[in-house]
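J.: Could you put together the complete structure from these sequences and hints?
Take a look at the letters that make up each chain.
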Amino acid sequence: MTHLLLFLSCALFLAPLLFLALGALESPAEQASPNLLPERPVWGNFVRAFTDADFSERLPTSLLLAGVYAALTTASSACAGYGLARFRAPGSRLVLVLLALTMMIPGVITLLPTYLLFAKLGLVGTYWPWVLWGLGGNSYIVLLFRQFFVSIPREQEESALLDGCGHLRVFWRVVLPQSRPALAASAVLTFAWAWGDWTAPLLLLDADTTTLAVALTTAYAHEPGHTADNLLAAGSLLYTLPVLALFLVAQRYLTAGAYAVRTG
Amino acid sequence: MGLYGGYVPGFSRRAFLGLGAAAVGGGALGGCSGRRERALTVMTWEGEFDEAARAAAERALGLRVTRIDPDLTRLTAMITAGSPPDVVRAAGALDTPFLVARKLALDLDPYLAASSALSADDLEPIGDVWRFDGVKQGAGPRYGLTKDYSQDAMFWCDAEVFAAADVPLPDAAKPLGHEEWLDLARRLTVRRGGRTRIHGLDVSGQGMFVQLMGATAAEGGSVFSADLARVDFSAPEATAVLGWHLAYMDARVGFSPADPNPDGWPFPAFQARRMAMATAGYWFGALLDDDPALARAAHLMPAPLFGGPRVSPCYSGIGMWIPRACPDPDAAWAFFEWYFGGEPARERAVSGFGLPALKSLRSSLPQGEEFQRRAVAVQEAELPYLTVLSFTPYARSAELEDIVTRVLRKAHAEGLSAGKTADALNTDMNAVLARGRDLVG
Amino acid sequence: MNRLFYLFTLPWVAGFAGFTAFPLGYAFWLSLTNTDALAPESRFVGAANYAEVLDDGLAGEALVRTLVFTAVTVPASVAGGLLFAVLLQLPVRGRSLYRAVLFLPAVVPPVAGALTFGALFDRDTGAVNVLLERFGVAGPGWTDGPRLPFVIGVLVLWGLGNLMMVSLAALADVPRDLFDAARVDGAGPLRTFTSVTLPLVSPVLLFQVVTGVIAGLQTYLPALVLGSAGAGGSLAALPEGGYFFMAHVYTRYAVAGRFGYASALLWALFVVTLLCAALMLRTTRRHVFTLTSPGGARP
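Protein chains in written order, with the numbering used here: chain B, 1 to 264; chain X, 1 to 441; chain F, 1 to 299.
None of these hints come from the bench; they were simulated from the model.
Values in this document were obtained by computation on a predicted structure and should not be read as measured data.
By construction, the Cβ of each residue, glycine as well, lies at the ideal position given by its N, Cα and C atoms.
Misleading hints may appear alongside valid ones.
[Stated by the list, open to error] Keeping only pairs whose Cα atoms sit at most 25 Å apart, straight-line, the calculated SDA-like set for lysine to any residue is: (1) X:LYS420 x F:GLU61; (2) X:LYS359 x X:ALA172; (3) X:LYS410 x F:VAL53; (4) X:LYS420 x F:PRO146; (5) X:LYS410 x F:VAL64; (6) X:LYS410 x F:ASP56; (7) X:LYS410 x F:LEU54; (8) X:LYS103 x X:GLY82; (9) X:LYS103 x F:GLU41; (10) X:LYS103 x F:PRO40; (11) X:LYS410 x F:LEU58; (12) X:LYS103 x F:TRP29; (13) X:LYS136 x F:GLU41; (14) X:LYS420 x F:GLY145; (15) X:LYS420 x F:ALA59; (16) X:LYS410 x F:GLU61; (17) X:LYS420 x F:ASP56; (18) X:LYS410 x F:ALA138; (19) X:LYS410 x F:GLY145.
[As the list claims (entries may be wrong)] Partial chain X-side listing against chain B, Cβ under 8 Å, derived: (20) GLU46; (21) THR66; (22) ARG67; (23) THR73; (24) THR76; (25) ALA77; (26) ALA81; (27) PRO268.
T.: See below:
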C-alpha cells in the first residue's frame with residue numbers, strides 16, 4: 001500500500017522531468033511540434049548545451065559561490081539560532097521579531113540599494129558579496145536552527161558546562177553533533193538557493209565571471225528572448241546534477257538523526 | 001494634508017547617490033573601483049557579442065573588454081552609482097526619445113564627423129531611428145548606431161502550407177490589402193478540437209503596440225499626437241486599425257494577446273510547419289540556412305497595405321548608445337567603429353541575419369541560394385518604403401505594450417467595439433504619458 | 001549570558017543592518033518620490049504613491065488572486081511534504097531512491113521547471129492536450145487565461161521536496177522511545193501519528209506554513225516565466241490568471257520603471273504579509289506544541 005502510493009507519486013513527479021529529457025533530445029524543428037517522442041534523439045544537444053553555456057568555466061564558479069555561501073550561511077545561522085534558542089538578553093525579543101520580519105521582505109526591493117552598496121565598497125564584479133551574505137546568515141535558516149535547538153533537551157549541554165567547557169565549545173562539541181539533520185537541511189537548502197539564484201550574479205557579475213544559472217538563461221538564445229528550448233532542457237538537466245548529488249550525500253544525515261546520537 | 005509635496009530643487013540622481021554614500025560611510029570609499037585596470041564594459045547579449053567577438057574586440061582595441069547581460073535593474077543601478085556601462089544595447093526605433101529626454105545618451109555627431117571608419121553618408125536611412133530633436137524622431141542629433149534591422153511589417157509565407165490548403169501564394173511584387181490578408185488567414189487556418197493545427201497568420205510576434213503603430217501609419221494616421229505627449233486611438237485611422245485587429249483576434253487565425261504565443265515569436269511554429277504566414281520582417285533569413293526544406297517553401301512578402309500610403313517601418317532598429325556619463329567616450333567610440341564599421345559588421349551582413357545598416361554592405365547579403373536571392377529581391381523592392389515613425393519620449397515601449405495587451409485581451413473577451421477599445425487605450429496610456437511628461441517634460 | 005547572546009547573533013545582526021535595514025530605508029525613501037531612477041530630476045511626492053496603491057484596481061485584484069493561491073497551495077504542499085516524509089520514515093525498500101526522486105524537482109532550476117510545465121500544458125503542442133485528445137477530450141488553453149493558476153499550483157506542489165526534507169529532519173528529531181511507548185500503549189499507526197508525531201513536529205509545521213505563506217505571497221517567477229512568453233519574452237502583459245501581486249510590482253518596476261511607486265507597493269505587501277503572519281501565529285498559539293521562548297518551555 002505504502003509502496004504503491006510512493007511508486008505512483010514518484011512516477012508523477014518524474015513525468016515532467018521525463019518530458020524535459022525528451023525535450024532535450026529534440027531537433028530544432030521538433031521543438032514547437034506536438035510529437036512527444038523525438039523522431040531521432042539528438043544526443044549532441046547535451047554536448048552543445050555544455051559548450052554553449054561554457055560549463056567548464058561557469059560550473060566551477062557556481063560550485064565555489066554556492067559552496068562558500070552554503071558553508072558560511074549554515075555556520076552563522078546556526079550560531080544565531082543557538083543564541084536565540086538558549087540565551088536571553090535585552091533585545092533578544094527584538095532580534096526574533098526582526099528575523100521574522102526580514103523574511104517578509106521581497107528581495108526585489110533590495111536590488112538597487114544592494115548594488116549601490118557593493119559599488120561603493122568596490123565589490124561589483126567580485127565574489128566577495130557572497131562571502132558577506134554568507135557571514136550575515138539567512139533569517140529562514142536562523143529560525144530553522146532555533147526551532148531545532150529549542151526541541152533538543154539541555155541536559156547534555158548543562159553537564160558539559162558543569163564539566164568546565166565554555167559555551168562556544170559546548171556549541172561546537174555537544175550541540176552541533178546532535179544537529180546533523182538541521183545542518184544537512186541547511187546545507188542543501190542554502191546551496192540550492194545560491195546555485196539557483198540568478199538575480200544577484202546578473203546584478204553584480206560580468207559575463208566571464210558569472211554563474212551557471214545566468215549562463216543558462218542567456219546562452220541558448222538565437223535571438224534574445226527566443227531560446228533554443230531543446231538546448232535549455234539539456235542544459236537544465238546537467239545543471240541539476242550537482243545539487244542532486246549533494247542531496248544524495250546529505251540525506252543520510254537527514255534521517256540518521258539526533259536520536260541516534262543521543263541514544264548511541 | 002496635501003498628498004503632493006513641493007518641488008525640491010537639486011533633488012537629483014546625484015542626490016540619491018549621495019544618500020547611498022552617506023549611509024555607507026561617506027565618500028571615503030569612493031576611489032575603490034579605481035584599483036583594478038579599467039575595462040570597457042559592453043552591455044549586450046551573448047548572441048550579439050559572444051566570447052570570440054569579445055576576444056577580437058580586445059585585440060582590435062588594445063583594451064580589456066567585458067560583457068554584461070542587458071538588464072534594466074543593472075543598468076539603472078550602474079547609472080545611479082555613477083559608473084554606467086560604456087556601451088549599451090537598445091532598440092533605436094523605440095528607445096531613442098526615452099534616452100534623450102532623460103539626457104542619458106551621448107550625442108555622436110561630433111564623433112561621426114571626425115571618424116575615418118564610419119561616415120554619415122554611408123549609413124542606411126534606418127540609422128535615422130537614432131536621431132531625435134525633441135519632437136520628431138529621424139531629425140536632430142544622432143544618439144546611437146544601428147547594428148542590423150528589418151522592415152518588420154513584412155511577412156513570410158510557407159508555400160507548402162498554402163499548397164496543402166489549396167490556396168495560391170500571394171504575388172511578392174504586389175502588397176496585399178489588409179482585408180484580403182485576413183481572408184487568406186481564415187482560409188489557411190486549420191483547427192481540430194481545442195487545438196489549432198495550422199495558424200493562418202501571426203501579427204503578434206514583435207509586440208502589439210508597434211504592430212498597431214505601424215498599421216496606423218499605413219492607414220495614413222498616427223497613434224501619437226504631434227508633440228508625442230498623448231495617444232489618440234479614437235482618430236478614424238487608429239480606430240479602423242483597431243477594428244481590423246479585433247477582427248483578427250475574433251477570427252482566431254493566429255497568436256494575439258488573447259492567445260499568446262508560447263514561443264514568444266513566430267519562428268518555432270513556422271519552423272514546425274504550423275504557420276502559414278508570419279509577420280517577422282527579414283529575420284527568418286539566416287535561420288533558414290539550416291533547414292533546406294523550409295527554405296524552399298519560405299517566401300518573403302511586402303508589408304500589407306492598410307487604407308493609406310504604402311509604408312514599411314522598422315519596429316526595433318537594434319543597436320547601441322554611449323552613456324553621457326561614460327568616463328572614456330573615445331574608447332567607447334573606438335568600439336563603435338569596430339563593431340558597426342569593422343569586421344563584425346561585415347560578418348553580420350554576410351550571415352543574412354537582418355539587413356546591414358551600412359550602404360556599403362548592402363551587396364554582402366547572402367545570395368548563394370535560390371531562397372536567399374528571392375528574399376533579397378523582395379527586400380530591395382521594399383527599401384524605398386522604409387519609414388521612421390516617431391516614438392514617445394514619455395513612456396517605455398514595454399509599458400505601452402503592457403497596456404495594449406491587457407486592453408485588447410479584455411476587448412476580445414467582452415466583445416468591445418473598436419471605439420470602446422480606443423477609449424480604454426487612450427485613458428490608460430495617456431495617464432502613463434502624463435506621468436512621464438511630469439517627470440521629464 | 002547577555003554577552004553570549006550578542007556574540008552568537010552578532011553576524012546576523014550585522015548582515016541585517018547592511019543587507020536589509022539599509023536597502024529597506026533606501027526603498028522607503030524612493031517610495032516617497034516619483035523617481036524612475038533614470039530621469040535626471042525627480043520629486044518628493046509625500047504619501048502620493050501610497051494613496052495610489054489604495055486606488056490601484058490591478059493591485060487589488062492581484063492581491064486577492066495571490067491570497068487565494070497561497071491559501072490553497074501552502075497547506076497542500078506542507079501536508080504533502082509531511083505525508084512523504086512520514087512514509088519515507090517507514091522501513092520501505094528503496095526509500096532512499098524514492099526520497100531522491102521526490103526531492104529532485106526541488107533542484108530543477110525554477111526557469112527550467114516553469115518552461116517544462118509551459119511546454120507540457122501548451123494548448124497546441126503540449127503533452128497534456130495531446131493525451132486528452134487521444135481520449136476524445138478537446139484540451140483547453142491552460143497557460144493563457146484563467147487556468148494558469150492551476151498550472152502554477154501543480155508546479156509549486158511538484159517542488160515540495162524542500163518541505164519534505166525539512167519535515168524529514170524534524171521527524172528524525174522525534175525521540176524514538178516516544179514511538180515505542182505509543183506502540184506499547186496499543187496505538188495504531190494513525191493514532192501514533194496524530195498523538196505523537198503531529199504534536200512533536202507541529203512547531204516545524206507551523207514554521208513551514210508561516211514561511212510558506214510569506215513566500216507564497218511573493219510568488220511571481222513561475223507566473224512570469226509561464227505567462228510572459230506571449231509578449232515576445234518580455235515581462236509585459238502577463239495572462240490574467242498569473243497576474244499575482246509580485247508580478248504587478250515587478251512590471252511596475254521593470255516594465256514601467258516606476259521605482260518609487262513599486263517600492264510603495266512592496267511596503268503595502270509587507271504590511272499584508274505581516275498581518276497574515278500575525279493572524280496565523282495568534283490563531284495557532286493554543287494548538288502548537290512549542291513555538292516557544294528560549295529553553296523549550298513555555299512561560
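J.: Could you run down the list of hints and mark each one as holding or not?
T.: Status of the hints after comparison with the structure:
no.: 1; hint: X:LYS420 x F:GLU61; verdict: holds, 22 Å
no.: 2; hint: X:LYS359 x X:ALA172; verdict: holds, 24 Å
no.: 3; hint: X:LYS410 x F:VAL53; verdict: holds, 22 Å
no.: 4; hint: X:LYS420 x F:PRO146; verdict: holds, 24 Å
no.: 5; hint: X:LYS410 x F:VAL64; verdict: holds, 19 Å
no.: 6; hint: X:LYS410 x F:ASP56; verdict: holds, 18 Å
no.: 7; hint: X:LYS410 x F:LEU54; verdict: holds, 23 Å
no.: 8; hint: X:LYS103 x X:GLY82; verdict: holds, 14 Å
no.: 9; hint: X:LYS103 x F:GLU41; verdict: holds, 10 Å
no.: 10; hint: X:LYS103 x F:PRO40; verdict: holds, 7 Å
no.: 11; hint: X:LYS410 x F:LEU58; verdict: holds, 13 Å
no.: 12; hint: X:LYS103 x F:TRP29; verdict: holds, 24 Å
no.: 13; hint: X:LYS136 x F:GLU41; verdict: holds, 23 Å
no.: 14; hint: X:LYS420 x F:GLY145; verdict: holds, 22 Å
no.: 15; hint: X:LYS420 x F:ALA59; verdict: holds, 23 Å
no.: 16; hint: X:LYS410 x F:GLU61; verdict: holds, 15 Å
no.: 17; hint: X:LYS420 x F:ASP56; verdict: holds, 21 Å
no.: 18; hint: X:LYS410 x F:ALA138; verdict: holds, 24 Å
no.: 19; hint: X:LYS410 x F:GLY145; verdict: holds, 11 Å
no.: 20; hint: GLU46; verdict: holds, 6 Å
no.: 21; hint: THR66; verdict: holds, 4 Å
no.: 22; hint: ARG67; verdict: holds, 4 Å
no.: 23; hint: THR73; verdict: holds, 5 Å
no.: 24; hint: THR76; verdict: holds, 7 Å
no.: 25; hint: ALA77; verdict: holds, 4 Å
no.: 26; hint: ALA81; verdict: holds, 4 Å
no.: 27; hint: PRO268; verdict: holds, 4 Å
In this structure, every one of the numbered hints holds.
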